[in-house]
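Novice: Okay, here's what each chain looks like letter by letter:
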Amino acid sequence: MKRSMSVFNVTTLTLGLAFLYLPMLLLMVYSFNSSRLVTVWAGFSTQWYGELLRNEQFLDAAWVTLRVAVVSSTIATVLGTMAAWVLVRERRFLGRTLFSGMIYAPLVMPEVITGLSLLLLFIAIGLDRGILTIILAHTTFSMCYVSVVVSSRLVSFDRSLEEAALDLGCSPMQAFGHVTLPIIAPAVISGWLLAFTLSLDDLVIASFTSGPSSTTLPIKIFSSMRLGVSPEINALSTILISIVAVGVVVAALVSKSQIARREIEEREGQK
Amino acid sequence: MDTKPSPAPFAPWTDPAAVPLIRFEGVTKRFGDFTALQGIDLQIYPREFFALLGPSGCGKTTLMRMLAGFETPTEGTIWLDGQNIAPVPPNKRPVNMMFQSYALFPHLSVWDNIAFGLRRAGQDKDTIKARVEEMLRLTRLDQFARRKPHQISGGQRQRVALARSLALGPKLLLLDEPLGALDKKLRQDTQFELMDIQEKTGTTFVIVTHDQEEAMTVASRVAVMDAGRLCQIDTPQHIYETPNSRYVADFIGEVSIIEGRVDSLGEEIGIAYAEGQKPVMTRTGGTEVALGQSVFYAIRPEKIWVGAEPHPDRINSVEGTIVDIGYLGDVSTYHVRLDSGQMIKALMTNAERYAASRFTWNDRVWLSWSRHAGVVLTS
Amino acid sequence: MKLNPRRLVLISVPYAWLLALFMVPFLIVLKIALSDTAIAIPPYMPTLDLAAGWSGIRDFFSELDFENFTWLAEDDLYWKSYVSSLWIATVSTFFTLLIGYPVAYAMSRARPEWRPLLMMLIILPFWSSALIRVYAWIGILSSEGYLNQVLLALGLADTPLSILNTQTAVYIGIVYTYLPFMILPIYATLEKMDESLLEAAEDLGCTRISAFWRVTFPLSRPGAIAGCFLVFIPSLGEFVIPSILGGSQTLMIGKVLWEEFFNNRDWPVASAVAVVLLLILVIPIVLFQRNEEKNA
Chain A
0 MKRSMSVFNV TTLTLGLAFL YLPMLLLMVY SFNSSRLVTV WAGFSTQWYG
50 ELLRNEQFLD AAWVTLRVAV VSSTIATVLG TMAAWVLVRE RRFLGRTLFS
100 GMIYAPLVMP EVITGLSLLL LFIAIGLDRG ILTIILAHTT FSMCYVSVVV
150 SSRLVSFDRS LEEAALDLGC SPMQAFGHVT LPIIAPAVIS GWLLAFTLSL
200 DDLVIASFTS GPSSTTLPIK IFSSMRLGVS PEINALSTIL ISIVAVGVVV
250 AALVSKSQIA RREIEEREGQ K
Chain V
0 MDTKPSPAPF APWTDPAAVP LIRFEGVTKR FGDFTALQGI DLQIYPREFF
50 ALLGPSGCGK TTLMRMLAGF ETPTEGTIWL DGQNIAPVPP NKRPVNMMFQ
100 SYALFPHLSV WDNIAFGLRR AGQDKDTIKA RVEEMLRLTR LDQFARRKPH
150 QISGGQRQRV ALARSLALGP KLLLLDEPLG ALDKKLRQDT QFELMDIQEK
200 TGTTFVIVTH DQEEAMTVAS RVAVMDAGRL CQIDTPQHIY ETPNSRYVAD
250 FIGEVSIIEG RVDSLGEEIG IAYAEGQKPV MTRTGGTEVA LGQSVFYAIR
300 PEKIWVGAEP HPDRINSVEG TIVDIGYLGD VSTYHVRLDS GQMIKALMTN
350 AERYAASRFT WNDRVWLSWS RHAGVVLTS
Chain D
0 MKLNPRRLVL ISVPYAWLLA LFMVPFLIVL KIALSDTAIA IPPYMPTLDL
50 AAGWSGIRDF FSELDFENFT WLAEDDLYWK SYVSSLWIAT VSTFFTLLIG
100 YPVAYAMSRA RPEWRPLLMM LIILPFWSSA LIRVYAWIGI LSSEGYLNQV
150 LLALGLADTP LSILNTQTAV YIGIVYTYLP FMILPIYATL EKMDESLLEA
200 AEDLGCTRIS AFWRVTFPLS RPGAIAGCFL VFIPSLGEFV IPSILGGSQT
250 LMIGKVLWEE FFNNRDWPVA SAVAVVLLLI LVIPIVLFQR NEEKNA
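Chains as they are written, first to last, in numbering that gives the first Met the number 0: chain A, 0 to 270; chain V, 0 to 378; chain D, 0 to 295.
In isolation and in its complexed conformation, chain A is listed as follows (with noise of 0.2 Å):
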């Protein structure tokens, strides 16, 4: 095989990298400027950092955001996988079509309509808008997400095993909990993520859901944009840019870490 990059190619990657991580990098990089002026460089301060700790208002919104992110993902997950196990387990029963079209259409339905629908339901049947309208809004369009994710798991799942532990005495309860759930378990936990992260950074279904006192972070963060470029967001981006890189960081390292391990024992297990 030959296998040297030709100059093509790492120009093209260097540059692809580059207008992927280029705006990002900059963004970064100005939320220490000491201006306010954020194009124009004055000298290093974190100053806007402690500025967005002062801010009553970006906390309370982080706050709000955090106890959504955290409920409804979580929601999210065992109603999602409850549907993933419908989606591929139960094979027939009554409006089998119609459940799978509900689990994928959230998936392309655009923002703007899944916001609005929502919105005229809470209306219509006279729920309040505030934390829980949010957190059902984001619970349905991400419960869609985790079914997606934990289904293709599911479907290469070798059924045997769980056959296996109803022959050693497990009722189908026990087999769920001592086999399917533990060899599951890591597409239900990236289930939960996706989620998670779907609803931190959801603006526009929590723009039609959420009430006058329960702002998001996203809300408040476009609400300003809208007037420009400010140090504060840019400072606030900094630090949700490097949460995110530093989880995902982190995820990817174990995650290899025990791929490696596993290669490892597995030479020996040859000896």
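These are calculated hints, taken from the structure and not from any lab test.
Careful: at least some of the hints might be erroneous.
[Claimed, not checked] Which residues of chain V face chain A? A few of them, derived with a C-beta cut under 8 Å, are:
#	residue
1	Trp12
2	Ala67
3	Pro89
4	Met96
5	Ala102
6	Phe104
7	Phe115
8	Arg119
9	Ala120
10	Gln122
11	Leu167
12	Ser367
From a predicted model like this one, the values you see are computed outputs, not experimental measurements.
Idealized CB from N, CA, C, for every residue including glycine.
Add chains V and D to chain A, keeping to what the hints say.
Specialist: Relative to chain A, chains V and D alone:
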């Protein structure tokens, strides 16, 4: 091929007073329009090593899964130890199964895999420990107890699966193609190990396999299945030497089948199979035939003698041309076309080096065999 | 199959949730889209009165009309914004393909031990907020932004280019946001391609470049088509990008719907816009599914 000495003292199926462990009574299983099993009647006795043999899709796996509790019969009853097991769920049956894929729990160590069933049964720690260690010793897995399934070899995995399914001390152990994933050499060693373990534990084994050699080696009795029906249930020796149909004769080992008509009766009957050829003379071995009835004569290749002249002591001798030779080292097989066009397979042991070169393609040879060499089949 | 309680719970809980929070809201949108504008200012409609029995249902249906849709057809703002959405989504998808394909190709040619890292680098931005990623471009594209600073400093431009608040900025935003969606499916098809196919093509007389056009490209087409749909479908209903980068001149349906709802508080028209948007989306979604099934 069949080197197993006949299990003379152990033959409960010949004893009318013996009580079977499992009894199938008119069991039929349908999946929608498809009939997987049709009117199965079968008895399996305690301590038997019973093999279900057949091509894929013949219903053998369905039959086994009904014993494990993963399928229920559409019609008929399955009795286990005098109890109808249809309403008993798999987790409540005194039956354990070794899965074709082994189904070892990947997140648990070898030790925990073996202890899995014992823990579910709520046994105390010391009992579990003692039992798991006993199983590890039985299957020679002591050093691997802490490994995960993906850290051991295929043969070791197979033994873990066996240990796990034996740990609960089931009355009946089901083995679904237990050796299918092993390579040939390992498979042969493991067959004897299985027989050894079966003898030591005294458990009744039911094995599903499509490999006739494996069934013949391990089993006390073999049931040959085809398209949802039981064709013949008998000891390996009887299945091989006295098959009851063309299907069984053909499925087990090599055979040549001559189609003909009974043209003389007597101590030996004559089977005419072609114009102007001397009929095949054979004993019937108890098969009732009438004059003029069309029958099949099945003969194994190793029962035929190949020579340049007719064999003086054999009742049947016929001339033909060699069209193909397969040299396998220990033996050679000859495909001979008789002058009537009938193909016959014959087998010769290569007792001397280079003896195989005695005959070659297109040589004229004589095939001779005795009056006891073949069987007369009516179906 | 028996309907045991465990099965019943497993099916009915997610089913009921989706019916209540996905299906019913969608039907409400449909209903409001068909309601009268005059009586449809909040409280927007006579609710379906099931207690009134058949006459209630009949009244409900007799009130429905297509007035809102006629309104959409007559006012050229909506026409323009639908057409402009389609145009923007198409152009952006084209540029995403143009940039994404070479990157995916280069990734698939990289050494195997580098590929997981490259994959992660492509996916990583996707995990951080789209809002922030789009926002990052304001600082670059504004008239005193980094891009203009560089251009002016290098003497490539005499006066600052105004890119922010134009359609060009929206194209850039969409390409930037959805680039991973294009790269990953193309990379997936290229990566599993058998290297010996190219060697065979060269053995049979192709040059490197013609081998690419005759072998590699056709084989990667399913991935490229999937990538195009994955970019086109969400960008059609996009709201965040046009509202942050597009300025007031850029028309996109998502933005119109938002403004109709939040600024004009005309819920029936907003609902009608939503229904038409969905109808437009059905075509690419069905085509996408066909493509996926064909290559499954």
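Novice: All hints are to be evaluated individually against the structure, with a verdict given for each.
Specialist: Results of checking the hints against the structure:
1. Because the smallest distance between the Cβ of Trp12/V and any Cβ of chain A comes to about 27 Å, over 8 Å, the interface hint for this residue is violated.
2. Checking Ala67/V against chain A by beta carbon gives a least distance of about 6 Å; that is within 8 Å, so the hint holds.
3. Taken as an interface hint, Pro89/V checks out: its beta carbon lies about 4 Å from the nearest beta carbon of chain A, inside 8 Å.
4. Hint on Met96/V holds. Least Cβ distance to chain A is approximately 5 Å, under the 8 Å limit.
5. This hint holds: Ala102/V has a C-beta 4 Å from the nearest C-beta of chain A, less than the 8 Å allowed.
6. Interface restraint check for Phe104/V: the shortest CB-CB distance to chain A comes to about 6 Å, inside 8 Å, so the restraint holds.
7. The beta carbon of Phe115/V comes within 5 Å of a beta carbon in chain A, closer than 8 Å, and the hint placing it at the interface holds.
8. With 8 Å as the threshold, the beta carbon of Arg119/V comes within range of chain A, its nearest partner Cβ sitting at about 4 Å, so the hint holds.
9. At a threshold of 8 Å, the smallest CB-CB gap from Ala120/V to chain A is about 6 Å, leaving the interface hint in force.
10. Interface restraint check: Gln122/V against chain A, minimum CB-CB distance 11 Å, threshold 8 Å, status violated.
11. For Leu167/V, the suggested interface contact is upheld, since its CB lies about 7 Å from the closest CB of chain A, less than 8 Å.
12. Taking 8 Å as the C-beta contact cut-off toward chain A, the hint placing Ser367/V at the interface is violated, the least distance being around 52 Å.
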